[in-house]
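Engineer: One letter stands for each residue in the lines below.
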Amino acid sequence: MSDRDRLRERLRALDSVQPAPGLMDRARSSEPQRQPSGPSGSRRFVVMVTAFAVFGASAILVWQAFDPMGTRGETGAAPNAMGKQPPDWVIQKAIQEANGNQDPNPTSAYWILSDSYTINQATDPASGGSNVPQTIPPQAVPQYLIVLYGSFTAVHAHVPAGAPFPTGTVIMFTLDPDTHGVSDFGIDSRRIHLEGLQPFSLLPEGTNTYVNQVGLPISMTYPSGWFAGSIVHPADPVGPDQLGVVVSNSSATMPSPDASSPTPGPLPENPDLPPDAVLVTILTNGDGQPDPAAVNSSLPLSMSDAKVAPGPFNIRILSATVAGVRFTITVQGLRQASDADLSAADRIVASIVPIDTGSTPGVSTDAQPPVWVAVEALRMAASNQDPNPTSAEWAMKGTATIAPAVGLTPDQGGTNDVEYLVVLHGSFTATGAKVPFGQPAPTGTELAFTLDPKTHGVLDWTVGDRSVEIPGLQPLNLHPGLLTPGTAQDLPRN
Amino acid sequence: MSVTNNDGFDEVWRDHGPAIWRAIYVYAGGRRDIADDAVSEAFARAMERSTPISNPVAYLYRLAFQAATMEKRRMKHLHEPPDRAAPQADGYGPDILDALRHLSPGQRAAIYLHYRVDLPVTEVAAAMGTSAAVVKVHLMRGRRRLASVLTEDPPDE
Chain A
1 MSDRDRLRER LRALDSVQPA PGLMDRARSS EPQRQPSGPS GSRRFVVMVT
51 AFAVFGASAI LVWQAFDPMG TRGETGAAPN AMGKQPPDWV IQKAIQEANG
101 NQDPNPTSAY WILSDSYTIN QATDPASGGS NVPQTIPPQA VPQYLIVLYG
151 SFTAVHAHVP AGAPFPTGTV IMFTLDPDTH GVSDFGIDSR RIHLEGLQPF
201 SLLPEGTNTY VNQVGLPISM TYPSGWFAGS IVHPADPVGP DQLGVVVSNS
251 SATMPSPDAS SPTPGPLPEN PDLPPDAVLV TILTNGDGQP DPAAVNSSLP
301 LSMSDAKVAP GPFNIRILSA TVAGVRFTIT VQGLRQASDA DLSAADRIVA
351 SIVPIDTGST PGVSTDAQPP VWVAVEALRM AASNQDPNPT SAEWAMKGTA
401 TIAPAVGLTP DQGGTNDVEY LVVLHGSFTA TGAKVPFGQP APTGTELAFT
451 LDPKTHGVLD WTVGDRSVEI PGLQPLNLHP GLLTPGTAQD LPRN
Chain B
1 MSVTNNDGFD EVWRDHGPAI WRAIYVYAGG RRDIADDAVS EAFARAMERS
51 TPISNPVAYL YRLAFQAATM EKRRMKHLHE PPDRAAPQAD GYGPDILDAL
101 RHLSPGQRAA IYLHYRVDLP VTEVAAAMGT SAAVVKVHLM RGRRRLASVL
151 TEDPPDE
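Sequence order for the protein chains is A and B.
For the first sequence, the numbering used here gives the first residue as 1, with consecutive numbering after it.
For the second sequence, the numbering used here gives the first residue as 1, with consecutive numbering after it.
It cannot be assumed that every hint is accurate.
Unchecked claim - Reference listing, derived: stretches of chain A covered by chain B, where coverage requires no fewer than 3 residues with Cβ under 8 Å from a Cβ of chain B: (1) 85-91; (2) 316-329.
What the hints assert, rightly or not - Calculated Cβ distances over 10 Å to all of chain B for the following chain A residues: (3) Gln-18; (4) Ser-116; (5) Asn-120; (6) Pro-142; (7) His-158; (8) Asp-176; (9) Ser-219; (10) Ser-224; (11) Ser-251; (12) Phe-313; (13) Ser-338; (14) Val-435; (15) Pro-475.
No lab work stands behind these hints: they were computed from the structure.
Here a beta-carbon is modelled for each residue, glycine too, at the ideal position from N, C-alpha and C.
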């Protein structure tokens, strides 16, 4: 028996170890479920159910008190400009309620800080909505009243078996400023008029719009404190690369060019993920080319339609088609992810909209190379210390044409293989260049490199101040501003 | 073989599921919970795909390795004690598993896939999402380490 056979024989002992029974059933059991919202999700559910049980009947009456023909004049729907924002926790509660009632993207939102007596009196059906108290009794407690407009379904409402859940175009709820709990809730389809209601934005102050760098026809909005980066990912060993974007509350989740094996899947390969990290991964199914026969998903997308992956991770997966491109959208939260960040992730998904790259300002309609060329260009720019080049050009030529024009090394084999030439303009420092000890790294305003169309690898590159003169150079779409500064270098190449 | 959605995954599971699971089990150092979670997640994600998967076995291997890696890192991050589920508790193959645990996860997986599942180096590389060169290094170093642990000579190449 050879050594190899002995090793095989020893390894055979492991054959007796069997997977847990029903593992395949477990994999199949990922039915569409309500989003897991973290440790306090169940508590929130209980609060909501309790709120319905206690206030269910009265809420209907309360709604009737919000008389659309009320005489108190000021309508909460009139102003378009955003008023003063309520506290962040109120915004987060509003986002949670919007998500929980199946419309993560309400058309408008209003708030007021008042007191329980005033709100109850003002909404008393007997008063027709005009029973403004003259004095506030001492037992009255402060309350926030939040009103959201959209298309809601109260999926947490207690309804008789077989009955549909209540739906409406408006939800309102009151919040206790001390406990931050929901103390009342209602859903209806009336326009709410109440003096003092002021509009506010559900988007946290300061948001960024991301139009991915790899040519996908979508954009999305994410909080200003979050990070975004493009990825090109070989999901299938023999299939086309998947293209996509990762948005996260942690820079540690941004794709790393140094990802060590194994590196499959859309999840970040980073050993230092913070425990509260939340990330949204949007990947094409296939090469990202629009399918004219594809049926687009209804917008806004909702992670309420996502499937929950089995296992210890808080992972929800949503399949969607936008602009004819099929995507797999994954929202993942690590163990200590906050409800607020998970809600923000859901809102990022809800903010996904198609874009017309041909009409997007700043996007050239000139012929463009495959998106991986732009990805490589960004990687090269970043690795040469200028992740935001001022402009870029590309051409596809034979080696014999490119080499003398650019000053690159001619092919010693005398062949004239066709390759991509990319020329970037900016302020580059070739820190990766081999220079004699003590010598500074080469610098220049022009970075030129060639790419192998087959392997996508960089064949040769140079940094200098000379201007490349070669016929057929065309503008290359680069949008550094659309990537979070500093993340262009994180574009992975798997 | 090409599969899409749930079509064909039963067959893939029947023919390759246990091997995938054991590879992850070995990769995870005998952590049954990690193997269960990673493999179920891999199949769930694969079934989620709307487009055909031309090489579902390699695809599943990669997804499972990824999930296992993430889970191992998460546990490291949470400072959970490693390998709480002692291999002896499983009652099978403690000797070889104990020996394998002296290797790196990549070496363990490569050794198992190459010498037990009989995958060629290129397929091991595809399964693990790495290059054939890396797999060869894993195999070489893994064999040496394993031989020293088992006080045997490394097997011939």
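Engineer: Compare the structure with each hint and give your call.
Structural biologist: Hints versus structure:
1. 85-91: violated (count 0)
2. 316-329: holds (count 4)
3. Gln-18: violated (7 Å)
4. Ser-116: holds (42 Å)
5. Asn-120: holds (47 Å)
6. Pro-142: Correct as stated: the minimum Cβ-Cβ distance to chain B is 39 Å, above 10 Å.
7. His-158: His-158(A) clear of chain B: closest Cβ-Cβ about 31 Å, beyond 10 Å.
8. Asp-176: holds (33 Å)
9. Ser-219: holds (22 Å)
10. Ser-224: holds (26 Å)
11. Ser-251: holds (16 Å)
12. Phe-313: violated (7 Å)
13. Ser-338: holds (17 Å)
14. Val-435: holds (28 Å)
15. Pro-475: holds (32 Å)
The structure fails hints 1, 3 and 12 (numbered hints given earlier, in ascending order).
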